[in-house]
Amino acid sequence: GAGVSQSPRYKVAKRGQDVALRCDPISGHVSLFWYQQALGQGPEFLTYFQNEAQLDKSGLPSDRFFAERPEGSVSTLKIQRTQQEDSAVYLCASSLDGRSGNTIYFGEGSWLTVV
Amino acid sequence: AQSVTQPDIHITVSEGASLELRCNYSYGATPYLFWYVQSPGQGLQLLLKYFSGDTLVQGIKGFEAEFKRSQSSFNLRKPSVHWSDAAEYFCAVVIAGNMLTFGGGTRLMVKP
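Protein chains in written order, with my numbering: chain H, 1 to 115; chain F, 1 to 112.
Honestly, I wouldn't trust all of these hints.
Claimed, not checked - To give a feel for the contact side, a few chain F residues facing chain H, derived at Cβ under 10 Å:
| id | residue |
| --- | --- |
| 1 | Leu19 |
| 2 | Tyr25 |
| 3 | Lys49 |
| 4 | Gly53 |
| 5 | Asp54 |
| 6 | Phe90 |
| 7 | Arg107 |
To be verified - With the C-beta cut set under 7 Å, the calculated list includes, among others, these residues of chain H facing chain F:
| id | residue |
| --- | --- |
| 8 | Gly16 |
| 9 | Gln17 |
| 10 | Ala20 |
| 11 | His29 |
| 12 | Ala38 |
| 13 | Phe45 |
| 14 | Asn102 |
| 15 | Phe106 |
| 16 | Gly107 |
| 17 | Glu108 |
| 18 | Thr113 |
If you are wondering where the hints come from, they were derived from the structure by calculation, not from laboratory data.
Remember, predicted model here, so these are calculated numbers, not experimental data.
Built from N, CA and C at the ideal position, the CB exists for glycine as well.
Could you build all of it, start to finish, from the sequences and the hints given here?
Okay, here's the thing in structure tokens:
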């Protein structure tokens with residue numbers, strides 16, 4: 001596609017509900033990232049894929065957070081038993097390959113509100 | 001601790017005035033340096049980046065940034081601000097691989 005596409009754009013979840021956020025990276029991009037952006041703060045790294053391999057998941061805040069990219073293209077970030085502190089914008093990004101300094105392109109984000 | 005600092009949370013400038021947004025980093029080595037802009041409800045758009053070479057980097061929308069190794073700074077500048085520049089600006093670094101570490105952001109407001 002022309003850019004990184006994320007869905008849903010907006011999600012309201014009741015506390016305890018599971019949610020799944022989808023990311024379609026730019027076609028052909030090897031690297032895929034997930035970031036979490038709380039209100040009024042900068043994005044914080046969650047996890048990184050190179051093709052289907054999850055090379056870094058050090059930023060995932062708890063074992064309720066799980067990400068996958070089974071075929072090396074579309075990725076899903078799943079949050080189980082959502083809590084209010086999970087309310088944030090979840091940004092997906094992709095880049096052509098894993099080399100340092102490659103331009104990283106961001107999607108518009110999935111806005112999650114947990115009530 | 002390694003970090004990226006944007007000292008100004010909010011800045012207000014008049015349309016047509018010059019702009020400088022500050023960014024400092026604390027890493028042992030010189031990282032790759034980036035500035036991104038985020039308009040309300042939008043994703044992050046890359047303005048410019050610095051890897052090596054000329055320390056004055058030109059970007060899109062008339063922005064430029066200067067890397068100063070002695071000050072560990074990478075400040076963003078624009079000579080004349082337009083109302084459409086109102087947005088949140090993020091400085092970011094890459095130390096290894098291509099994982100971005102962001103500062104807390106500076107919200108720019110433009111007065112008519």
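Now the hints, each set against the structure:
no.: 1; hint: Leu19; result: violated (19 Å)
no.: 2; hint: Tyr25; result: violated (13 Å)
no.: 3; hint: Lys49; result: holds (7 Å)
no.: 4; hint: Gly53; result: violated (12 Å)
no.: 5; hint: Asp54; result: violated (15 Å)
no.: 6; hint: Phe90; result: holds (5 Å)
no.: 7; hint: Arg107; result: holds (9 Å)
no.: 8; hint: Gly16; result: violated (27 Å)
no.: 9; hint: Gln17; result: violated (24 Å)
no.: 10; hint: Ala20; result: violated (20 Å)
no.: 11; hint: His29; result: violated (11 Å)
no.: 12; hint: Ala38; result: violated (10 Å)
no.: 13; hint: Phe45; result: holds (6 Å)
no.: 14; hint: Asn102; result: holds (6 Å)
no.: 15; hint: Phe106; result: holds (4 Å)
no.: 16; hint: Gly107; result: holds (5 Å)
no.: 17; hint: Glu108; result: holds (4 Å)
no.: 18; hint: Thr113; result: violated (14 Å)
The structure does not agree with the numbered hints 1, 2, 4, 5, 8, 9, 10, 11, 12 and 18 stated previously, though it agrees with the rest.
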